[in-house]
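These protein sequence lines are chains A and B, in that order.
Just so you know, we're using my numbering here: the first sequence kicks off at 921 and counts up by one.
Just so you know, we're using my numbering here: the second sequence kicks off at 4 and counts up by one.
Among the hints, erroneous ones may be present.
Heads up, incomplete: computed chain A residues facing chain B, CB under 10 Å, no partners named [as the list claims (entries may be wrong)]: (1) S982; (2) A1019; (3) E1022; (4) P1025; (5) D1026; (6) V1027; (7) R1029; (8) R1030; (9) K1031; (10) S1033; (11) N1051; (12) V1059; (13) D1118; (14) G1122; (15) G1145; (16) P1147.
Using 25 Å as the maximum straight-line C-alpha spacing, the simulated SDA-like pairs for lysine to any residue come out as follows [stated by the list, open to error]: (17) A/K1174 with B/Y130; (18) A/K1081 with B/T137; (19) A/K1064 with B/M168; (20) A/K1134 with B/T137; (21) A/K974 with A/R1280; (22) A/K1081 with B/P85; (23) A/K1248 with B/L294; (24) A/K1064 with B/R152; (25) A/K1064 with B/P86; (26) A/K1064 with B/L81; (27) A/K1174 with B/V131; (28) A/K1081 with B/P86.
Every beta carbon over 10 Å from chain B, so not counted as near; a handful from chain A, in silico [stated by the list, open to error]: (29) N1010; (30) T1079; (31) K1330.
Derived from the structure by calculation, the hints contain no laboratory data.
Small disclaimer: the values here were computed from a predicted structure and weren't measured.
We put the CB at the ideal spot given by N, CA and C, even for glycine.
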Amino acid sequence: MSEKWKEEDWAQGVWYSGKVTRRRVVGWGGGAIGALMLVPAPWRAAFGQAKPYKIGAINPLSGAGAAGGKTALVGVQMAVDRINAMGGVNGRPIELIVADDESKPDVGRRKTSKLVDEDQIDAHVGGFLSNICLACMPVWEEAKIVNMISVCLDTTLTTTKCNRYSFRVHDYAPAQAVAFAPYLIKSLGKKWHIAYADYSWGQSTRDAYAQEIKKAGGEIVETTGIPLGTADMTPFLSKVTGQFDGLLGIFFGKDGVTIGNQAYDLGLTKRYKWAGDGAIAESTNLPALGNKIEGFVGINRYIPIQEGPFNTPEHKKFFDESKARLAKIDPSGPLPDRYVQSNYEAMNALRVGMEKSKFRGREDTMKLIEALEGLQMKLSDDFPTGDKLLRKDDHQAFPLQVIFEIKDGKHRIIETIPGDKTLFPPACKFAST
Amino acid sequence: MTKRTNTSYWIAFSIVLALLIIAPLVLPEFWRRFLTEILIWGLLAMSSDILIGYTGMISFGHSAFFGLGMYGAAAALLMFSPPNLWLALAFGLVASALIALFVAYFSTRLRDIYFAITTLIFSQIFYVIVFTWTEVTGGENGLNFPRPRLAIPGLFSVPFTSETMHWFVLAVVTASYLILRRVTRSPFGMVLQSIRENEPRTRAIGYPVERYKIVAVMLSGLFAGLAGVLYAVQNRFAAPDFIFFLVSGETVIFNVMGGIGTLVGPIVGAGFFLLMREFLSRLFGDQFPYLIPLGVVFIVMIIFLPQGLLGFARRWLNR
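Okay, chain A solo, but in the shape it has when bound (with noise of 0.2 Å):
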């Protein structure tokens, strides 16, 4: 073949023979790269980037419980956009799918249903009210997903209804009431009127706080339970009269905030210690409630101060990225509660435990249960509110509990109980799996 062979007439349709030129290259390198971008997912995620694990997060974002739902999720986003930041996990990145469950237990079971079917999660984190998360608790046993729930407080979650595949990495009743009960006896008084959310997670911790403060030598007067959503307490609390020391509140949310203002307009606050569940005084409720709530002494597992066990660089960080975070779906600027911290901690337990047990799927759901089993959580950036144990009898953790009272419209610490000096007995039986 002679050397002009490219100027051949059969060599005319396949050799190019124009001129190379920095504007072609620019154009056909651009071009390439867009065909890049557009080559399917699947086809990037076999030869490409690395796959990513995908992980359920199913809270209410519209109906009853979508306040606290909405906050919920920036804790679990902050997670998930921090880790993929720093490389992901086992270098793969997190694919966070969202889902509304409306509030409603029938739709989260759906949506739990389309994540294990057609989304084909790897992992979920989530659950926010109760109902929703005990209605779901079977789907994800069935499916053999490990779920993280990260607000849900019914205590029977990890004790009579528990199973190996749900953990709760935040607190629940019974060891709060461990915490509180003599707290509230020593310093504030001996007999009590309970009032009450009259509905499960209100009636356990009512049951947990009685159980308690009699041990703690004090006494239970009696107990008012108010039917959830009672826009109109007066009836109930007009009722609350007698010789007691103190009312403790069992209340959340928009009744936080009902009970809180009801209570000191009928004059309860001023004659009685006014005490109660830390989600009264969430950071959220504080500006509905105003001045009402002052003097008000509560429990929780996390209240958005810099101060004692919470000033620490790992805290300010969290703190400030919330803040900043929740500023964006909501322009008064709410200070970070508790749902925000509960679900950045499970979501970032959930990647210690991928990672320890070099989780790769579904497949590997067991390894990932017997990492998380007993996991050790230390102060870091993955857990900024301070170490807690992952208890593996009853995959129940036991954080750091904090009793507070409202001073000039803010939390003040007034005294901290780590979270080994809560430990409440396991009382669940997994079945064998």
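Given chain A's structure and the hints, the job is docking chain B onto it.
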């Protein structure tokens, strides 16, 4: 119905039924379960059509019948070991029938909006009872229970799969449809329609209207309870939210969307509503209030398709 239209009807019925039988074999897992759920909600909507479409009584109490059917089944599944499907059905149906009788006795003395409000109040009363009676009903958390096996004593016993669950639900819904179709075409059904058209005249002719209404509410409540049992068996949980009046509201929406007074229409309406909700939530993403566009679709349908999807289809076919 002429002989020709009757034949066309049964051909169409057989085709739809055949498609529904084949569906779980070709659909992926999620859509298989979704279709089964559509059938269950469709049965609930169809049961309320007896009152809304045939008797002219708008009920907001169907959530109570549905929910108590569910809790009745839950009681049987928790009380007996191993859990028994037929006991769950029996308990659920008895619970819903008793509640329907109780509600019917008081509410059928009233008409129009007063009937609707009374049924709504009853459903809320049952909701509060279930919600607060935690020791028995599990309160807000509801009840979780094991799924029974699909069994006919002495013949066979197999665990439910998503396919067999679908076929079981399809069989129950088809049988319910055929029974209700027969009922609405019977002299009893004609009297119900007569009550709908002109209650004083029906009474003047000599029909004991109240008694007919009581039977209609009971019949309707019984099939709503049956839907509740199916839902409980499929999902293995019962929650007070299902007794809340919003479920009754959705049932009315299914009827209006599909076409009231047609029996099949409410099933179509349930399917359309649930599919639209799923489609919109996927289109806009879960963080967008996608129920707003769904509301807009509903309003548009009310304005332009007041007879519902089936009514529109009928009119279009008869052009």
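The hints, checked one at a time:
1. The closest approach between the C-beta of A/S982 and any C-beta of chain B is roughly 6 Å, which is under the 10 Å cut-off, so the hint is satisfied.
2. Taken as an interface hint, A/A1019 checks out: its beta carbon lies about 5 Å from the nearest beta carbon of chain B, inside 10 Å.
3. Annotation: A/E1022 was flagged as interfacial toward chain B, and the flag holds, the nearest CB pair being 8 Å apart, inside 10 Å.
4. Using the Cβ-Cβ criterion of 10 Å, the hint placing A/P1025 at the interface with chain B is satisfied: the shortest such distance is roughly 4 Å.
5. Against a cut-off of 10 Å between C-beta atoms, the interface hint on A/D1026 holds, since the closest Cβ of chain B lies about 7 Å away.
6. At its closest, the beta carbon of A/V1027 sits 9 Å from a beta carbon of chain B; the interface hint therefore holds under the 10 Å criterion.
7. Among the interface hints, the one on A/R1029 holds; its C-beta lies about 6 Å from the nearest C-beta in chain B, closer than the 10 Å criterion.
8. Satisfaction of the interface hint for A/R1030 is found here, the shortest Cβ-Cβ separation to chain B being roughly 7 Å, below the 10 Å cut-off.
9. The interface hint given for A/K1031 is met, as the beta carbon of that residue sits about 8 Å from the closest beta carbon of chain B, less than 10 Å.
10. Below 10 Å, beta-carbon pairs count as interface contacts, and A/S1033 has one with chain B at about 6 Å; its hint therefore holds.
11. Taken as an interface hint, A/N1051 checks out: its beta carbon lies about 5 Å from the nearest beta carbon of chain B, inside 10 Å.
12. A distance limit of 10 Å between C-beta atoms decides the matter here; for A/V1059 the minimum to chain B is near 9 Å, and the interface restraint holds.
13. Taken as an interface hint, A/D1118 checks out: its beta carbon lies about 6 Å from the nearest beta carbon of chain B, inside 10 Å.
14. A distance limit of 10 Å between C-beta atoms decides the matter here; for A/G1122 the minimum to chain B is near 9 Å, and the interface restraint holds.
15. About 8 Å separates the beta-carbon of A/G1145 from the nearest beta-carbon of chain B, less than 10 Å, and the hint is met.
16. Annotation: A/P1147 was flagged as interfacial toward chain B, and the flag holds, the nearest CB pair being 7 Å apart, inside 10 Å.
17. Between A/K1174 and B/Y130 the CA atoms are separated by roughly 21 Å; this keeps the pair inside 25 Å, and the hint holds.
18. Only pairs whose Cα atoms come within 25 Å are accepted, and A/K1081 paired with B/T137 is accepted, the gap being roughly 15 Å.
19. Under the criterion of a C-alpha separation no larger than 25 Å, the hint pairing A/K1064 with B/M168 is consistent with the structure, at around 21 Å.
20. Note on A/K1134 and B/T137: the hinted pairing holds, with a Cα-Cα distance of about 23 Å set against a maximum of 25 Å.
21. The suggested pairing of A/K974 with A/R1280 holds, with an alpha-carbon distance near 11 Å, which does not exceed 25 Å.
22. Of the pairs offered as hints, the one joining A/K1081 and B/P85 holds, with about 19 Å between alpha carbons and a cut-off of 25 Å not exceeded.
23. Only pairs whose Cα atoms come within 25 Å are accepted, and A/K1248 paired with B/L294 is accepted, the gap being roughly 23 Å.
24. For a cut-off of 25 Å, the pair hint linking A/K1064 to B/R152 stands: about 21 Å separates their Cα positions.
25. For the proposed pair A/K1064 and B/P86, the alpha carbon gap of about 23 Å is at most 25 Å, so the pair holds.
26. This hinted pair checks out: A/K1064 and B/L81 have alpha carbons roughly 24 Å apart, not beyond 25 Å.
27. Of the supplied pair hints, the one linking A/K1174 and B/V131 holds, its CA atoms being roughly 19 Å apart against a limit of 25 Å.
28. Under the criterion of a C-alpha separation no larger than 25 Å, the hint pairing A/K1081 with B/P86 is consistent with the structure, at around 18 Å.
29. Annotated as non-interface, A/N1010 keeps its C-beta farther than 10 Å from every C-beta of chain B; the closest such distance is 27 Å.
30. The Cβ of A/T1079 lies farther than 10 Å from every Cβ of chain B, with a closest approach of about 12 Å, so its non-interface assignment holds.
31. The claim that A/K1330 is not at the interface with chain B holds, since no C-beta of that chain comes within 10 Å of its own (minimum 31 Å).
Figure legend: structure checked against the earlier numbered hints; every hint is met.
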